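Chemist: So the protein lines, in turn, are chains A and B.
Position 118, counted from 1, in the first sequence is what our numbering calls 741; the numbers after and before it change by one each time, with no gaps.
Position 90, counted from 1, in the second sequence is what our numbering calls 713; the numbers after and before it change by one each time, with no gaps.
Don't read these hints as lab results, they were simulated from the structure.
Quick caveat, the model's predicted, so the values are computed rather than measured.
Accuracy of the hints is not assured; some may be wrong.
Since the list gives no way to pick one copy over another, a pair counts as held whenever it fits inside one copy or between any two copies.
[Stated by the list, open to error] Derived lysine to aspartate or glutamate pairs resembling DMTMM-like cross-links, with alpha carbons at most 25 Å apart:
hint : residue 1 : residue 2
1    : Lys737    : Asp691
2    : Lys679    : Asp716
3    : Lys656    : Glu730
4    : Lys656    : Glu693
5    : Lys738    : Glu672
6    : Lys687    : Glu730
7    : Lys690    : Glu713
Number of protein chains: 2
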Amino acid sequence: MRKDTFLKNAKSCPAQYVLALNDTLNVFTGKWKLPIIGTLLFDKKRFTEIQKNIPKITPRMLSKELKDLEINGVVKRTVYDSIPVSVEYELTDSARLLGGVLDKMLEWGLQHRKKNIGE
Amino acid sequence: MRKDTFLKNAKSCPAQYVLALNDTLNVFTGKWKLPIIGTLLFDKKRFTEIQKNIPKITPRMLSKELKDLEINGVVKRTVYDSIPVSVEYELTDSARLLGGVLDKMLEWGLQHRKKNIGE
Numbered sequence: 624m625r626k627d628t629f630l631k632n633a634k635s636c637p638a639q640y641v642l643a644l645n646d647t648l649n650v651f652t653g654k655w656k657l658p659i660i661g662t663l664l665f666d667k668k669r670f671t672e673i674q675k676n677i678p679k680i681t682p683r684m685l686s687k688e689l690k691d692l693e694i695n696g697v698v699k700r701t702v703y704d705s706i707p708v709s710v711e712y713e714l715t716d717s718a719r720l721l722g723g724v725l726d727k728m729l730e731w732g733l734q735h736r737k738k739n740i741g742e
Numbered sequence: 624m625r626k627d628t629f630l631k632n633a634k635s636c637p638a639q640y641v642l643a644l645n646d647t648l649n650v651f652t653g654k655w656k657l658p659i660i661g662t663l664l665f666d667k668k669r670f671t672e673i674q675k676n677i678p679k680i681t682p683r684m685l686s687k688e689l690k691d692l693e694i695n696g697v698v699k700r701t702v703y704d705s706i707p708v709s710v711e712y713e714l715t716d717s718a719r720l721l722g723g724v725l726d727k728m729l730e731w732g733l734q735h736r737k738k739n740i741g742e
């Protein structure tokens with residue numbers, strides 16, 4: 624059934640379908656985006672908190688990746704007018720739905736690994 | 624609910640979880656793998672048939688990609704002892720389940736695009 628839906632979409636509007644798949648793939652591409660999204664799935668965090676959660680990421684890389692994710696509508700950045708100013712990062716509503724996609728990918732990866740390497 | 628499953632998996636066995644996600648991502652990575660899988664979702668095909676379905680791919684690239692997919696347990700290659708010898712490519716059972724993953728990715732990409740660009 625799943626397959627039918629996919630094929631139907633793919634056939635009825637190929638251009639939009641390729642765009643949508645690429646949008647999703649782009650969110651995962653690169654070394655750091657997935658760990659950052661994972662860290663923010665629980666709740667909003669400050670820059671240094673995110674950094675602590677992701678071993679080996681440099682502040683410079685984290686800053687760049689967060690900016691990318693913000694531009695792509697995955698992360699929302701909020702500046703609080705406190706002293707000192709504090710900045711918090713959280714997932715957008717749209718990005719929270721990524722959990723379902725990750726689940727499906729995980730499920731497939733596990734069964735595929737079992738079939739191909741477990742045998 | 625989806626999110627909970629994902630988080631549970633991620634927390635209980637992070638190493639296996641990262642491996643499984645990477646397995647799935649690797650199947651999609653690159654310019655040609657997704658079109659090749661899409662072409663084979665319907666039924667088995669011969670090399671030249673696949674080539675006709677994918678504009679701009681060179682025989683050399685197609686051959687390389689098919690070999691990669693075969694090694695990763697996504698594509699199955701069968702040689703028929705006919706004259707002349709004929710070779711057919713088809714998706715493995717595991718790869719057929721990718722339809723469900725693609726559906727989820729597509730769904731997310733479409734809603735994300737609508738929210739971020741449609742607004």
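Chemist: My question is about Lys737 and Asp691: at a cut-off of 25 Å on alpha-carbon distance, are they close within one copy, between copies, both, or neither?
Modeler: For Lys737 and Asp691, the Cα distance is within 25 Å only across copies (18 Å; inside one copy 35 Å).
Chemist: Which holds for Lys687 with Glu730 at a C-alpha limit of 25 Å: within a copy, between copies, both or neither?
Modeler: neither (30 Å within a copy, 27 Å between copies)
Chemist: For Lys656 and Glu693, with the copy left unspecified, which applies at a CA distance of at most 25 Å: within, between, both, or neither?
Modeler: Intra 11 Å, inter 29 Å, cutoff 25 Å: intra-copy only.
Chemist: Could you figure out if Lys690 and Glu713 sit no more than 25 Å apart (CA to CA) within one copy, between two copies, both or neither?
Modeler: The answer is within: 12 Å in one copy meets 25 Å, while 41 Å across copies does not.
Chemist: Pop the pair Lys679 and Asp716 into one bin, within, between, both or neither, using alpha-carbon distances up to 25 Å.
Modeler: neither (28 Å within a copy, 38 Å between copies)
Chemist: With identical chains treated as interchangeable, where does the CA-CA distance between Lys738 and Glu672 reach 25 Å or less: within a copy, between copies, both, or neither?
Modeler: neither (38 Å within a copy, 28 Å between copies)
Chemist: Is it within, between, both, or neither for Lys656 and Glu730, if the alpha carbons may be no more than 25 Å apart?
Modeler: Both ways: Lys656 and Glu730 sit 20 Å apart in one copy and 20 Å across, limit 25 Å.
Going through the hint list in order, the structure does not satisfy hints 2, 5 and 6.
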